[in-house]
Amino acid sequence: MTTQLFGERVRRREDPRLLTGQGRYLDDLGRDALAVAFVRSPHAHARIRDIDVSGALDVEGLVAVYTYEDLPERLAEPLPLLIPHPALTHGRTAHPLAKDVVRHVGEPVVMVVAEDRYLAEDACGLIEVDYEVLKPVVGIEEAAQGAQLVHEDVPGNVGAHMVQEVPAADGRSAREAIETAPHTLAFRLDIERSASMPLEGRGVYARWDGSDLRVYSSTQTSTSVRMAIAAKLELPLPHVEVIAPDVGGGFGVKIMHPWPEEILVPWAAMLLGRPVKWTEDRREHFVSSAHERGQVHYVRVGFDDEGRVQGLEVTILHDHGAYTPYGIIVPIITSTQLLGPYRIGAYRVEFSSIYTNTVQVTPYRGAGRPQGVFCMERTMDKIAQYLGLDRAAVRERNFIQPDEFPYDQGMIFQDGRPLIYDSGNYPEMLRMVKELIGWDSFDKRPHTGIGLACYVEGTGVGPYEGGHVQVTSDGRVHVSTGLTSQGQGHETVFAQIAATELGVPIEKVSVVTGDTRRFGYAVGTFASRAAVMSGNAIALACRKVREKALRIAADALEADPGDLEITEGVVHVKGAPGASIPLATVAVLANPLRYAFDEEARRATQFASAAAPDRPPVAEGEEPGLEGRDYYSPVRSTFAAGMHAAIVETDPDTAEVRILRYAVVHDCGRLINPMIVEGQIHGGVAQGVGGALYERMVYDSHGQLLNASFMDFLMPYATEVPRIETAHLETPSPLNPLGIKGAGEAGVIPVSAVLASAIEDAEGLPIDRMPISPAELYHLRQSRDG
Amino acid sequence: MKPPPFEYHAPRDLDEALDTLARLAERGKVLAGGQSLIPMLNMRLTAPEHLVDVNRLAELDTVETEDGGLRVGALARHSRVGRAGHPLLRQALKLVAHPVIRNRGTVVGSLVHADPAAELPAVLALLGGSVRLARPGRTRDVPAAEFFLGPLESAVEPGELAVSAFFPALPPGAGCAFLEVARRHGDFALAGVCALVTPEGHARAACVGVGPVPIVVDVSERAPDWAAAARAVREAAEPDDDIHATAEYRGHLVGVLAERAFREAAASAKA
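Sequence order for the protein chains is A and B.
Sequential numbering of the first sequence, starting at 1, is according to the working numbering.
Sequential numbering of the second sequence, starting at 1, is according to the working numbering.
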């Protein structure tokens, strides 16, 4: 193949469109649509006594007002529990509009449709809801005591309880291993709430033409939203299409579905016979979408004189918010991915998933891993400190070795499959990150510190994705896949894969994602899976197309298919430059025609082709057209890995933290496009810096979110994010044809751990709770100094 | 997040603007740069019946040197004022939000908004400047010490328009500094101190974010013992707890920043 684009720093083909304002996001669509606004609960916990909408009826331009009472049977049911799990014994989901009780501030109670959003909000302001305020349950420890209940029928507020235990090689339990270890440590670690916070919030726009429903949603999964809408609105699936237009970031919150609005807006469009649109505003996003990260961890570890871990026991309290629509994926990932690149003698992990009267929790980029990595890496640092050993050396002694892959951690991962690492080289990665940051030559001065953190990330979870590739008679290659894109650069990397596989110039390749009209079978974009899943599916589909192209070309050139190759979009006989046929012509020959609508088509018509008169024009087992479809369904996840190191400086007086250097070594197997991987890492680190130093959801004791705006929820600006130095290690995955692993979440995962490590080194104070603000560091110093 | 209904007025000259505001009195609200008002409208935290947009009044888009200082018109944007050659305003405006906001927000608008965490009220208070308020047929100058009445509360009366502010020049040879700690670059400060030191040893400071209005403290008696001067400033501050920092930490910051600011101002005064 001479058109080798796989592995190149190909510039993102979506950038000219997205960076010059040519993107078409949800709110850019449907200028003629009616607008929706919601009356949302102002209380964290309350019983609805009465809803009086009469005040709103005078608003000119009001079209409709809906409450729970108006919902038909299927809509009146609780929303789906998307990912059931045997341990989730008390899963609870909300109704599309509140029924009787509201359980967090922001829960939708009344839906208003009006001629525009201004009028809809005016009407919302005139609707009176009479609430009986109930005592709210706020704070994970208070909730775990169970004195006050979020759901009357969930005792102790415990939605799920799960224990996983991996005994040591000699059969001893983690508790036994810890108790008999030469040294033990026990401590508590906290991570606070944050949220995905995409620049574009959620949004839904629906059109109904009397028989067919078209829905646009700012979603990470159009195929599953489509199935949910068809089921809830009782429509035949072929009459529903869902399209994810340009999406301004997802980071997990848009894989959650169906959101109440994704059902209610299409329902209203059908009832009213007019297009209807809802665009979430920022205040709504804070209180009515989803959060993540809030967990408390109790760790006990036993280890030997060399710092080798012999037993580890972690007990987790997971704050689930008011509902569990996405199941218990987050604490499961924490439980399993906590182990990182280490072989732990014996491991026991237990979590309780607790309801509180706060916004529900669903995965946010990293999805439980930042918490798990924080636990494990703080543990490594504490062992090193206790024994007076180098922090990197302790990690190295616990690494899984390169010759131990595939390595079975003995647990069940989030995809229900065994937690078996496919490949990796952790000692080499540590050597690289130490060299990059200058670990061994670090000049330790007062109020400077260096830190390190390692992680392993299960990526590319199943069950499957598909790809469709079509070569048209103009020589263009049309690639489609069902999963969605939120700005990651899929158009570029999928085009690189197709161009490489087919031997065509990349300019000839176009890519469509997330449009159920083009590809109806898909799972979605989450869990760092798009490149692994759709990338391999597209490669496999391309290989089918290539094989067919070579078969047809071999016929035309009277050559053996094995002697042919495709370069620059032309099939030719290897070593015989004269004998060639453009792929465009092969596409023409692949589709026998009766009608000559243009010059190319004329060549495929019945009197022009030299087809044998005694054989059907489309041979048995063949299909017309030069196209192929294939799926990739992995036996289990691929496991990417990374190690980050940072140098920080703390102000001795103001306690401000400055990140002086930040280094990343990353291994996601074979790189399709190093520039795009680095971009993903940079964005991830930026979000990680937010989680480590700035972002938190501040709830008061009444369950009111006190910082529900970008003025007080502190996402880092460019001025707060350090320059990021990156190096790659490429350990191919043996599990898929392209040898790749996922990269989307990587950057965010270890940032709290690495910055805690560096701040601890700078200050000589244990950092057991993240994020940490200057005020908190100041008070830690005060407590130490008395 | 859409504003409630309001009637919009766009007067074409100052007389028309003053007449409109006088007629509307309590019912009218002035729109200049809109960097605070528009978010408050969108969140429905304020609901004026009438909005009087003064952006067409070219006669207010002025920055002029007049005896002993800089007169800044009501439509002069932060970015322009920052380039007008006043060293303390230049330092302060670097700390105000971000370029996009500074290109639109106005200095006089920030003074009238009277946010206790904002930089410009502190600068006006430290320098002993004033704000010129107009209504039809009458104009008055209100000194900074009488202009800031409380959080988000200034001396502007219903029907009045703040047409300009006067920032006195630094005394000859004086040095100044504006230091603050904000959670992120450009955020409202957790605490901030601006300081002025003259070659003769006069020294004073103003604090932001640690009291209902800018707090000005004259420490000339303690200069050049800057540690003692900083303690005096810290004692004058009245910080509160909020979600970003404790009162204790804020008070501590005032002391740290005041000492640093005095030293920096003193160093530049001698230079």
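A portion of the hints provided could be inaccurate.
[What the hints assert, rightly or not] Once the Cα atoms are required to be at most 25 Å apart in a straight line, the calculated SDA-like pairs of lysine to any residue come out as:
hint, chain 1, residue 1, chain 2, residue 2
1, B, K94, A, T567
2, A, K135, A, R274
3, B, K94, B, R80
4, B, K2, A, G30
5, B, K29, B, R90
6, B, K2, A, C124
7, A, K548, A, G578
8, B, K2, A, P42
9, A, K444, A, D768
10, B, K2, A, K548
11, B, K94, A, V721
12, B, K94, A, R117
13, B, K2, A, R282
14, B, K94, A, L660
15, B, K94, A, K135
16, A, K99, A, E60
17, B, K2, A, M715
18, A, K544, A, V573
19, B, K2, A, G55
20, A, K548, A, H478
21, A, K444, A, G55
22, B, K29, B, P168
23, B, K29, A, R117
24, A, K135, A, G55
25, B, K2, A, A186
26, B, K94, A, R74
27, A, K434, A, P463
[To be verified] Computed spacing ranges between beta-carbons, pair by pair:
hint, chain 1, residue 1, chain 2, residue 2, range
28, A, D116, B, P158, 30 to 38 Å
29, A, D305, B, D225, 51 to 59 Å
30, B, R23, A, L272, 18 to 26 Å
31, A, D651, B, H98, 18 to 26 Å
32, A, D130, B, N42, 22 to 30 Å
33, B, R27, A, A718, 35 to 43 Å
34, B, R27, A, S211, 51 to 59 Å
35, B, R23, A, S211, 56 to 64 Å
36, B, L149, A, A147, 28 to 36 Å
37, A, L272, B, T46, 54 to 62 Å
38, B, R23, A, L19, 44 to 52 Å
39, B, K94, A, D116, 36 to 44 Å
Simulated from the structure, these hints should not be mistaken for laboratory data.
As the structure is a computational prediction, the values presented were derived from the model and not from experiment.
Where a beta carbon is used, it is the ideal one built from N, C-alpha and C, also for glycine.
Hint by hint, here is what the structure shows:
1. For the hint linking K94(B) to T567(A), the alpha-carbon distance of about 56 Å lies beyond 25 Å, and the restraint is violated.
2. For the given pair, K135(A) sits about 41 Å from R274(A) by alpha-carbon distance, which is inconsistent with the 25 Å threshold.
3. Proposed proximity of K94(B) and R80(B) is supported: the alpha carbons are some 12 Å apart, at most 25 Å.
4. For the proposed pair K2(B) and G30(A), the alpha carbon gap of about 18 Å is at most 25 Å, so the pair holds.
5. For the given pair, K29(B) sits about 29 Å from R90(B) by alpha-carbon distance, which is inconsistent with the 25 Å threshold.
6. In summary, the hint linking K2(B) to C124(A) is supported, as the alpha carbons are separated by about 12 Å, within the 25 Å threshold.
7. Proximity of K548(A) to G578(A) is assessed by CA-CA distance (about 21 Å); at most 25 Å being required, the pair is judged to hold.
8. Restraint check for K2(B) and P42(A): the C-alpha separation of about 18 Å stays at or below 25 Å, so the hint holds.
9. Taking the CA atoms of K444(A) and D768(A), the gap is near 22 Å; set against the 25 Å cutoff, the hint holds.
10. With a CA separation close to 57 Å, the supplied pair K2(B) and K548(A) exceeds the 25 Å bound.
11. Note on K94(B) and V721(A): the hinted pairing holds, with a Cα-Cα distance of about 19 Å set against a maximum of 25 Å.
12. A threshold of 25 Å between alpha carbons decides the hint, and for K94(B) with R117(A) the separation of about 37 Å lies outside it, so the pair is violated.
13. Distance restraint check for K2(B) and R282(A): the Cα-Cα separation of roughly 11 Å lies within the 25 Å cut-off, and the hinted pair is therefore satisfied.
14. Under the criterion of a C-alpha separation no larger than 25 Å, the hint pairing K94(B) with L660(A) is consistent with the structure, at around 22 Å.
15. Between the alpha carbons of K94(B) and K135(A) the distance comes to roughly 46 Å, so the proposed pair goes past 25 Å and is violated.
16. Annotation: proposed proximity of K99(A) to E60(A) is violated, straight-line Cα distance about 28 Å (limit 25 Å).
17. Restraint check for K2(B) and M715(A): the C-alpha separation of about 23 Å stays at or below 25 Å, so the hint holds.
18. Taking the CA atoms of K544(A) and V573(A), the gap is about 19 Å. The hint holds against a cut of 25 Å.
19. With a C-alpha separation of about 19 Å, the suggested pair K2(B) and G55(A) falls inside the 25 Å cut-off, and the hint holds.
20. Taking the CA atoms of K548(A) and H478(A), the gap is near 16 Å; set against the 25 Å cutoff, the hint holds.
21. A distance of roughly 68 Å separates the Cα atoms of K444(A) and G55(A); the hinted pair therefore is violated under the 25 Å criterion.
22. For the given pair, K29(B) sits about 28 Å from P168(B) by alpha-carbon distance, which is inconsistent with the 25 Å threshold.
23. Proposed proximity of K29(B) and R117(A) is supported: the alpha carbons are some 23 Å apart, at most 25 Å.
24. For the hint pairing K135(A) with G55(A), the CA-to-CA distance comes to about 29 Å; that exceeds 25 Å, so the pair is violated.
25. Between K2(B) and A186(A), the direct Cα distance comes to roughly 51 Å. Violation of the 25 Å bound is thereby established for this hinted pair.
26. Taking the CA atoms of K94(B) and R74(A), the gap is near 57 Å; set against the 25 Å cutoff, the hint is violated.
27. Simply put, K434(A) and P463(A) have alpha-carbon atoms about 37 Å apart, too far for the 25 Å limit, and the pair is violated.
28. Separated by about 31 Å at the C-beta atoms, D116(A) and P158(B) satisfy the suggested range of 30 to 38 Å.
29. One distance hint, 51 to 59 Å for the beta-carbon pair D305(A) and D225(B), holds here, with the actual separation near 55 Å.
30. The given range of 18 to 26 Å is broken by R23(B) and L272(A), whose C-beta atoms sit roughly 43 Å from each other.
31. For the pair D651(A) and H98(B), the beta carbons lie near 23 Å from each other, so the given range of 18 to 26 Å is met.
32. The supplied range of 22 to 30 Å is met by D130(A) and N42(B), whose beta-carbon atoms lie about 27 Å from each other.
33. Look at R27(B) against A718(A): about 42 Å separates their beta carbons, and that is inside 35 to 43 Å.
34. For R27(B) paired with S211(A), a C-beta distance near 52 Å keeps the hint of 51 to 59 Å intact.
35. R23(B) and S211(A) have their C-beta atoms about 57 Å apart, which keeps the hinted 56 to 64 Å range intact.
36. In this structure, L149(B) and A147(A) break the distance hint of 28 to 36 Å, their C-beta atoms being roughly 46 Å apart.
37. Our hint of 54 to 62 Å for L272(A) and T46(B) is violated, since their Cβ atoms are close to 33 Å apart.
38. Between R23(B) and L19(A) the C-beta distance comes to about 47 Å, which sits within the given range of 44 to 52 Å.
39. A hinted range of 36 to 44 Å for the beta carbons of K94(B) and D116(A) is consistent with their spacing of about 40 Å.
Consistency with the previously given hints fails for numbers 1, 2, 5, 10, 12, 15, 16, 21, 22, 24, 25, 26, 27, 30, 36 and 37, ordered from lowest to highest.
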